[in-house]
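Q: One letter stands for each residue in the lines below.
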Amino acid sequence: METVTVTMKTQPVLFLEADNISPDAFAGKTAADIASLHAYEGREQTTLGKYFDVSGDAGATAADTRIVVKGDVSRVKYIGMKMSAGEVVIEKDADMYVGAWMQGGKLIAKGSVDAFAGIGMKGGELLIEGNAGNYLGAAYRGDWRGMQGGLIRVKGNAGSDIAYFMNGGTIIVEGDVDVHVATHAEGGRVIIKGNAKSKVGGQMVEGEIVVFGGIDVMMPGFKFVKDEELEIDGTTAKFSLFHGDLGERHPKRKGQIVYGKLYQKI
Amino acid sequence: MTKTVSDVICPFCGTLCDDLEVVVSDDGKTIVDVYNACAIGAAKFMHAQAKDRVKRPRMQQADGSYKEVSYDEAVEYTAQMFAKAKKPLMYGWSSTSCEAQSVGHEIAEKAGAIVDNTATVCHGTTLIAVQDVGIPSCTLGEVKNRADRIVFWGCNPTHAHPRHQSRYSIFPRGFFMNKGHKSRKVVVVDPRVTDTAKMADIHFQVEQGRDYELLSALRVAVRNEKLPDVVAGIPKEKIYEAAEILKSGRFGIIFFGMGVTQTLSKNHNIDEAIMLTKDLNEFTKFSIMAMRGHYNVTGSGQVLGWQFGYPFCVDLSRGFARYNPGETTSNDLLRRGEVDAVFVLGSDPGAHFPISSVKKISQLPSVCVDPHITPTSEVSKLHVPVAFVGVEVGGNCYRMDNVPIDARKVVDPPEGVLTDHEFLTRVNKRLGELMGAA
Amino acid sequence: MTTEYIIKNGFVFDPVQGIKGDKADVAVKDGKIVKSTEVSSKAKVIDAAGKTVMAGAVEIHAHIAGPKVNEGRNYRPEDKLFTYTPKKKGSRMAGGFSIPTTFKTGYEYAKMGYTTCMEAAMPPLFARHVHEEIKDTPIIDEGAYPVFGNNWFVMEYLKNGEIENAAAYVAWLLNSTKGYAVKVVNPGGTEAWGWGLNCLTVNDPVPYFDITPAEIMTGLMKTNEYLGLPHSMHVHQNSLGNPGNYTVTLDSLKLAEGIKAKNTFGRETVLHSTHIQFHSYGGDNWGNFESKSKEVMDYVNRQKNITVDTGCVTLDETTTMTADGPFEHHLTELNHLKWANVDVELETAAGIVPYVYSPDIKVCEIQWAIGLEIALMTKDPMRTFITTDHPNAGPFIRYPRIFSWLMSAEARRDRIESFKHSAKMVEATHLAGMDREISLYELAQMTRAGPAKSLGLASVYGGLAPGMDADVAVYNFNPEKSYKPAEIEKAFSAAAFVMKTGTPVVIDGEIVSNGNKRTIWVNAKVNENPQVMRDIKEKFLKYYSVTQGNYDVTKHFLSGNPRVIEVDATT
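Chains as they are written, first to last, in our numbering: chain C, 56 to 321; chain V, 389 to 826; chain D, 124 to 694.
Each hint should be verified, as a subset may be incorrect.
Simulated crosslink set (BS3-like; lysine-lysine; CA at most 30 angstroms straight-line) [stated by the list, open to error]: (1) Lys613(D) x Lys137(C); (2) Lys474(V) x Lys455(V); (3) Lys210(D) x Lys472(V); (4) Lys309(C) x Lys385(D); (5) Lys662(D) x Lys797(V); (6) Lys281(C) x Lys624(V); (7) Lys258(D) x Lys210(D); (8) Lys613(D) x Lys570(V); (9) Lys385(D) x Lys391(V); (10) Lys282(D) x Lys385(D); (11) Lys573(V) x Lys665(D); (12) Lys64(C) x Lys472(V).
Sample of chain C residues at the chain D side, in silico, Cβ under 8 angstroms [to be verified]: (13) Arg196; (14) Gly197; (15) Asp198; (16) Trp199; (17) Phe294; (18) Arg304.
Selected chain V positions facing chain D (in silico; Cβ < 8 angstroms) [as the list claims (entries may be wrong)]: (19) Ala430; (20) Tyr454; (21) Glu497; (22) Glu530; (23) Asp536; (24) Phe559; (25) Pro623; (26) Lys635; (27) Gly637; (28) Asn790.
These are calculated hints, taken from the structure and not from any lab test.
Built from N, CA and C at the ideal position, the CB exists for glycine as well.
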């Protein structure tokens, strides 16, 4: 695997859209080719080279390409957008849309990321060592097909509206989350190791939410079913299982109504 | 001798009453009286007559004072601002005609601007909810003719849309509703005992921030599933009772306002209310409608829709249109420092936006196009006064139920004052020259 | 400015003149087709050697402008995601897939060689909105059909057999809304939807109004011929989309028996049955769902006073939208996708639901086959037109793909073989056994001359005879060569050259001009009718939510140079 290092040298006046910082766009290119890839600041179409020092040539394919993003990229959007393979490491905080519409490969954000990280995610692994903003692993506006697959792990806290319209895959938040978890979910699994506030699992059709900490206010449409011992992400403990959202439609399979599942650690 | 102009459209709220009669002086220059309008609507017409109206553009000076400039200078400043900006914000559009909006959008395409309207601080969350789950709705005449169940959720039309209840919702006699308000049941959900709540058969004083839970509970009750004893401060018996009332009507409607669109859960509140409406259609006929605020905010969403495909916060910066509230919405752009120029027309963010956003406007190259001196004009580098749409110039507008109504001109604007359509057209032409040269 | 052109040496297909691929020149002067001898030596020469030349195509039924189309756009941001074409100099930004923006609509039609389009359902109260969008749709000439089939005035007059009053009202409404034709959608059923109900056969009485769908359709056909409007009544029958609905379709079509066309526009038909694919279903549930295209087309082929359009399924993710309000509610109950609905006071309703026509779902595969069968079973291509009921069965940008399926049995075979349920699909349909391939001449009939004639516009659109509008499309398609299906699709997707009213608008598949579009509407004059005028006044006072004075669509909403079709029905 070849490593390309891109180091921020000039901050944008506004924000930089750098959807070309992805193994797919870099694949098969030399450092000079990469520096001439497009980047956008407002309506100005410029190049990555205007803002970043680029060193190292990419591998022949996305899978053979590793990108290390250095410097202050807190005003850079879309890093790793649509990446299908390879690896991206962002050493400091990044702005919105980190790993948006990601399909494969691995993206490690060592700092925090702003909103819309991993939206429309289909596959791959997104690891955020700091905090994540709102709409983590959510659907794009209007789409009923949210996160389809892959894994998102956040070591810190996450914002509101995570896993919105989730259909598949896994999101693990090791800290706390804000309101609205897995609203409209029809699949997938969200694990919250810390506390949740309220509006957890609202309008959920199917899928799973696991909360290790407290939930300030339960949704009225969740009914207690039973207590169960489970092993979740390396922790074995007893959980209360709730079915919901009873206000929402639910499909029937093999004569049984399928509900969304909410587990809360006892 | 005076003359009376009839079928006049009221350029105040989204109710867009179109039955006003305005008495004007013989020379067609002065409004003498306004009939049929509510107090706010009438004041809107009379206000156009204010003697202290600004009639020429004004440029902010280094000391903060304003100096009169010509429209030519104003056009030049505005076009130059757009030509230099990398990402200008064009905000407002809710108190102007669709024709003017359309010219604004041509400018926006050239300048790579973001076009956002007042939905961004109002019913934008409704638009998000509609994108997520759709919306079963109807025109206001359907409510008048058929509705026997009326719900007002988080809105107070008695004060915000004063003629709504008499023209469409509670009182009018309609084709199948010839007993007027006697044939209707009214439910109001509001933490406060508003004047609208005082007219209700049922008033739910919902706990603040728990509308989402209460709406969800109503959906649970409509499906006859089990509820906790109390939800959002309302005992479950009351919730089951309300669900029965809604299900037993022949035609129901939920009207909702900023009490649910801009409080905790925002779009999700509307989403859940829409889903409740959808559920009720398995039992009877039910609709839901946003109580849109500005008289033509709906029109801005329509024109943006057919030209770019999104109803607000449309980002044209990269030569194609993108949309994502939370990113491309005015306050997020201003808060984060994503824009480098601000153009405001047909709204007053100085009065409605958070102070942090208003400060940003004051620090950037900025133009405010407004008939009046407003908090926004006072922080903008350039204030361009224009004719009043709906009073001094006509143009198409869309009512809260999306019905298009062509606003009328009643009197002439003060001599030499441009309409916003004329001003925008001149800016567009000049910008074309500047960008073509670039 | 050049006003003279000569399009030289192309293979010309023009049903109006009966030209079937002869090498010929098409001359143009001042926006009209002229004899080759009438242009000077200065005429700009367009070399069409080795290419196919046809008149600009005519779209008879698409939902491209107005409130429900725009709600579709606004409520589907995901339809635009990654589908936008960046702005080019001289053209506007263009985006959207199944419900493109107005600019994209004009551009994409023009690129395929379409130059005239009819918006298929205009709610009268929203007519101003429809016209605002039409005005913002570049290049193509456009008209819109106001809906009448659930209108309170119409139902009240027809219940009493008052054809003359119905005609006066229709004329008034066409004038007020600047409409083109009498459109009927789920007659009676949409009014029933005001109470959450529906009319699923032609004999289901409409709640309160006490009239049947059959009476509404018959009455409106008579009203249409009383007025002598250019187009026939244009109907979307009851029970759209339901298994077994072909009997309702036949019941509806039979209503035209004995009714004679009466007009001065050369139209010989009295009923246009639209997107008939959706109405040609057998079986009584989705399990035994099957094609009844043969039963329907056997009748259509015999009954000469009927035209139909196909409503071909394109197998895409799309956005369904129709004034058939109860149908869209039914659909959202089936697929659970987001549902928008608007009931319009005294007039109509509309609903919208996204839909994914998947090649992995048996029902979708069968629907796809039925649409093509309709076209392939026709014995009269002048009465059978190709549509997708855009965007309902698929977006109009897929016409070239449909042409490839119709023009190539190989293309159909390839498609059938790659279906998930191909064996079951073949069993439930006729398509696999059909080897007919639509010729270019037939294609010109089904997309040009035929729809133009049905619309009563045969003297200006759909042909290349001298005196007609100079709407011309040239395709990179040599009829003397054989083409792979994908090549057929490519040739018709991006025309080599398109001219609209004498102005080149597309060159080598690229938009070069925003054209000189015209709004088309019908101004029908009737005898003064104080009764109807009084009824209108009363309904506005009591039941509408706007005043009568604010209902009329004024001229400034129309494109610069509207084409008004004058009809004189005074006696």
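Q: Determine for every hint whether it applies to the structure shown.
A: Consistency of the hints with the structure:
Restraint check: the Cα-Cα separation between Lys613(D) and Lys137(C) comes to about 29 angstroms, which is no more than 30 angstroms; the hinted pair holds. Proposed proximity of Lys474(V) and Lys455(V) is supported: the alpha carbons are some 28 angstroms apart, at most 30 angstroms. Proximity of Lys210(D) to Lys472(V) is assessed by CA-CA distance (about 19 angstroms); at most 30 angstroms being required, the pair is judged to hold. Of the pairs offered as hints, the one joining Lys309(C) and Lys385(D) is violated, with about 60 angstroms between alpha carbons and a cut-off of 30 angstroms exceeded.
Our distance criterion of 30 angstroms between C-alpha atoms is met by Lys662(D) and Lys797(V), whose separation comes to about 26 angstroms. Simply put, Lys281(C) and Lys624(V) have alpha-carbon atoms about 23 angstroms apart, close enough for the 30 angstroms limit, and the pair holds. The suggested pairing of Lys258(D) with Lys210(D) holds, with an alpha-carbon distance near 20 angstroms, which does not exceed 30 angstroms. Only pairs whose Cα atoms come within 30 angstroms are accepted, and Lys613(D) paired with Lys570(V) is rejected, the gap being roughly 64 angstroms.
Of the pairs offered as hints, the one joining Lys385(D) and Lys391(V) is violated, with about 48 angstroms between alpha carbons and a cut-off of 30 angstroms exceeded. The hinted pair formed by Lys282(D) and Lys385(D) meets the criterion: a straight-line CA distance of about 23 angstroms does not exceed 30 angstroms. Distance check on the hinted pair: Lys573(V) and Lys665(D) sit about 21 angstroms apart at the alpha-carbon level, within 30 angstroms; holds. In summary, the hint linking Lys64(C) to Lys472(V) is supported, as the alpha carbons are separated by about 24 angstroms, within the 30 angstroms threshold.
The criterion of a C-beta within 8 angstroms of any C-beta in chain D is met by Arg196(C), whose closest approach is roughly 4 angstroms, and the hint holds. Among the interface hints, the one on Gly197(C) holds; its C-beta lies about 4 angstroms from the nearest C-beta in chain D, closer than the 8 angstroms criterion. Because the smallest distance between the Cβ of Asp198(C) and any Cβ of chain D comes to about 4 angstroms, under 8 angstroms, the interface hint for this residue holds. The interface hint given for Trp199(C) holds, since its Cβ lies 6 angstroms from the closest Cβ of chain D, which is under the 8 angstroms cut-off.
A hinted interface residue such as Phe294(C) counts as satisfied when its beta carbon comes closer than 8 angstroms to some beta carbon of chain D; here the least separation is about 29 angstroms, so the hint is violated. Contact between Arg304(C) and chain D, as hinted, is supported at the beta carbon level, the nearest pair being about 7 angstroms apart and thus within 8 angstroms. Proximity of Ala430(V) to chain D is violated relative to the hint, the smallest CB-CB distance being about 18 angstroms (cut-off 8 angstroms). Against a cut-off of 8 angstroms between C-beta atoms, the interface hint on Tyr454(V) is violated, since the closest Cβ of chain D lies about 36 angstroms away.
At about 6 angstroms, the closest approach between the beta carbon of Glu497(V) and any beta carbon in chain D falls short of 8 angstroms, and the interface hint on this residue holds. Below 8 angstroms, beta-carbon pairs count as interface contacts, and Glu530(V) has one with chain D at about 5 angstroms; its hint therefore holds. The interface hint given for Asp536(V) is violated, since its Cβ lies 11 angstroms from the closest Cβ of chain D, which is over the 8 angstroms cut-off. Evaluation of the Phe559(V) hint against chain D yields a violated restraint, the C-beta minimum of about 14 angstroms exceeding 8 angstroms.
The beta carbon of Pro623(V) is not positioned within 8 angstroms of any beta carbon in chain D (closest approach about 30 angstroms), and the interface hint is therefore violated. Because the closest C-beta pair between Lys635(V) and chain D is about 12 angstroms apart, greater than 8 angstroms, the hint is violated. The restraint placing Gly637(V) at the interface with chain D is violated, with a minimum CB-CB distance near 11 angstroms, outside the 8 angstroms limit. Interface restraint check for Asn790(V): the shortest CB-CB distance to chain D comes to about 6 angstroms, inside 8 angstroms, so the restraint holds.
In the structure shown, a violation is registered for the earlier hints numbered 4, 8, 9, 17, 19, 20, 23, 24, 25, 26 and 27, in ascending order.
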